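Enquirer: Put chain U on the given structure of chain V with help from the hints.
Each chain, written out:
Protein chains: 2
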Amino acid sequence: MNAAFVVFDQMTALDFVGFYDPLSRLKSMDFMPGFQWQICSFCDDVSDSQDLRFDPDSVGQSLSDFDLLVVPGGYGSRSLQHNEKFIDWLKTATPVPLKASVCTGSLLLGAAGFLKGKRATTHPKAYAELSRYCAQVTDQRVVDEDNIVTARGVFSSIDLGLYLVERLAGKETRAEIAKQMDYPFYSKG
Amino acid sequence: MNAAFVVFDQMTALDFVGFYDPLSRLKSMDFMPGFQWQICSFCDDVSDSQDLRFDPDSVGQSLSDFDLLVVPGGYGSRSLQHNEKFIDWLKTATPVPLKASVCTGSLLLGAAGFLKGKRATTHPKAYAELSRYCAQVTDQRVVDEDNIVTARGVFSSIDLGLYLVERLAGKETRAEIAKQMDYPFYSKG
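As you go down the protein sequences, you meet chains V and U in turn. The first sequence begins at 16 in my numbering and counts up one residue at a time. The second sequence begins at 16 in my numbering and counts up one residue at a time.
Please keep in mind that the hints were generated in silico from the structure rather than gathered at the bench. It is possible that some hints are incorrect.
[Claimed, not checked] Ranges between beta-carbon positions, derived for each pair:
1. Lys131(U) to Gly128(V): 43 to 53 Å
2. Gln51(U) to Ala190(V): 36 to 46 Å
3. Pro199(V) to Asn17(U): 37 to 47 Å
4. Gln155(U) to Met44(V): 18 to 28 Å
Fair warning: this is a prediction, and the values are worked out from it, not measured in the lab. Idealized CB from N, CA, C, for every residue including glycine.
With the rest of the complex left out, here is chain V (with noise of 0.2 Å):
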């Protein structure tokens, strides 16, 4: 399995390090030696919004063949949902099985085309924004409809993280990533 995790300039850290610990957590503790991933961009310089900077492992490439997408969010997905440019490379990921997003990542899938006729989520203070892009929006902080995993806002990326790892590989992996992870609660989708 190859995923592709997505990172853009002026993207919340946490949205994407809080999915990234527990999916990456499947190779690293031999759940799945075989899930690769690759930090795939579509520009050279990506900081989230405070100057941390995080280095693609490929630029503009298409991500068509991948089995996986995880899209963070944060600032910079307000001004890239009208970038043609760069909605036309997410759109690349349209064969791709399984799509996620976390926070204002959902805006993104959503100018993709992604979340039509769907009911998917976002951070609470972007409901409004995203409710031009699907059929309903839900408070649920994980929602999995058709293929389509959206969570709501930053901290849920954990949540997220560790429910895709549900879906990948079962309830009992889940279970010893969180407890390695030192995650004491049970966020259900």
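Expert: Chain U only, in chain V's frame:
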């Protein structure tokens, strides 16, 4: 207020980004506009255990003038605790009035002598290893003992960040930041 956020090779990314998110919001959300930080390393090349790269702002510079020191954990800490040059560098933080760690970062604070005679915590799998450095190992998620604040495993980095936000800027600020992070729990120190 000027904080030193330590990074080191083979650290756990979420150990760092977990406290970085709430603490950096002290500035980005205008609660403490003068809150500044530097990402401080002892070596140029810093990646987490899965090759996610972090760029330090300063390398090998004295930590003595900072007001707050925060040290993440991760596999690298297991060898760094025995690395005399690294520990000598960390000891330059001796005058820093408030020091904190996440997960096995407490082994590094311990090796620098900062935990002598104090209660402290770490990842549950490292309790025995920590015991040689401190008076008592506890299983609290966040322990604040004489201005040395230690937190448990990976995820408790967020608890630590929110705890430090409350200590530096009060309960209301913590509540506002937790709300913006969409953090649904209240975890006491």
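Enquirer: Out of the numbered hints, which ones does the structure contradict?
Expert: 1 and 3
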